[in-house]
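Enquirer: Based on the provided sequences and hints, a complete structural model is requested.
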Amino acid sequence: MIELGAALIGGLAFLVEPGSAGLVGAIFGWLLLALAALDAQHHWLPDRLTLALAISGLAASFFIDAPDIVDRVMGGATGFGALFIIGWSYRLLRGREGLGGGDPKMLGAIGCWLGWSALPLVILGAALIGLLSALMMRIRGQTVTADSALPLGSFMAITAFPLWIVQTMMGGNLL
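Just so you know, we're using the working numbering here: the sequence shown kicks off at 15 and counts up by one.
It cannot be assumed that every hint is accurate.
[Claimed, not checked] Estimated spans, in silico, between C-beta atoms of each pair:
| no. | residue 1 | residue 2 | range |
| --- | --- | --- | --- |
| 1 | G185 | I69 | 36 to 46 Å |
| 2 | G95 | G25 | 18 to 28 Å |
| 3 | L107 | F28 | 41 to 51 Å |
| 4 | H57 | S103 | 33 to 43 Å |
| 5 | L138 | G186 | 17 to 27 Å |
| 6 | L145 | W102 | 15 to 25 Å |
| 7 | L138 | R110 | 21 to 31 Å |
| 8 | R110 | A148 | 14 to 24 Å |
| 9 | S34 | R110 | 42 to 52 Å |
| 10 | A148 | I100 | 17 to 27 Å |
| 11 | A141 | F77 | 29 to 39 Å |
| 12 | W102 | A141 | 12 to 22 Å |
Treat the hints as calculated values from the structure; they're not laboratory data. Backbone N, C-alpha and C define an ideal beta-carbon position, used for all residues, glycine too.
Expert: Dropping the structure here:
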């Protein structure tokens, strides 16, 4: 399934953006695929992969005009900061973890690719996929509680690559 997903990602990236920009987009998709698979299977977003995602997102500004480097840096800082504050606040209020430590890093890395203005769409898409996942768990007879662990990183990855495609087709602007 991973190989099929990787082929589909590469094909879509080159279809939307031929040449070096398509290769850059494929790298974004492939890194997201690896992170999504690890998070879904192990609830783990390795720092090395999220850092590679962030660095490649900033470097992508040399191959893809929009968003510009300022929007990408702001996306990285805003994405990380927003989820870090949410996770920290939850831990402070509830006395337990409610968000994995890799999730803020991953949203920051996605922000380095898509820019700050795309982050609300990433979170909205991830939340909708999470709700659908919880509903499917309930339909299958699984118990869904406040302690049920769902892979937010996977949901953000599933949302981010299609947003890159739409952003690319719209000339770099989602909104």
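Enquirer: Evaluate each hint against the coordinates.
Expert: For each hint, the structure was consulted:
For G185 and I69, the Cβ-Cβ distance of about 25 Å falls outside the hinted range of 36 to 46 Å, so the restraint is violated. Our hint of 18 to 28 Å for G95 and G25 is violated, since their Cβ atoms are close to 35 Å apart. As the Cβ distance of L107 to F28 is approximately 46 Å, the hint placing it in 41 to 51 Å holds. Our hint of 33 to 43 Å for H57 and S103 is violated, since their Cβ atoms are close to 21 Å apart.
Distance hint check for L138 and G186: the Cβ-Cβ separation is about 20 Å, which falls inside the suggested range of 17 to 27 Å. In this structure the hint that L145 and W102 lie 15 to 25 Å apart at CB holds, the actual value being about 24 Å. Distance hint check: the CB atoms of L138 and R110 are about 26 Å apart, consistent with the given range 21 to 31 Å. Restraint check, R110 to A148: a C-beta distance of roughly 19 Å satisfies the suggested window 14 to 24 Å.
Evaluation of the 42 to 52 Å hint for S34 and R110 yields a pass: the beta carbon distance comes to about 46 Å. Restraint check, A148 to I100: a C-beta distance of roughly 18 Å satisfies the suggested window 17 to 27 Å. Between A141 and F77 the Cβ separation comes to about 31 Å, which falls inside the hinted range of 29 to 39 Å. In this structure the supplied range 12 to 22 Å holds for W102 paired with A141, their Cβ-Cβ distance being about 19 Å.
In this structure, the earlier hints numbered 1, 2, 4 are contradicted, and the remaining ones agree with it.
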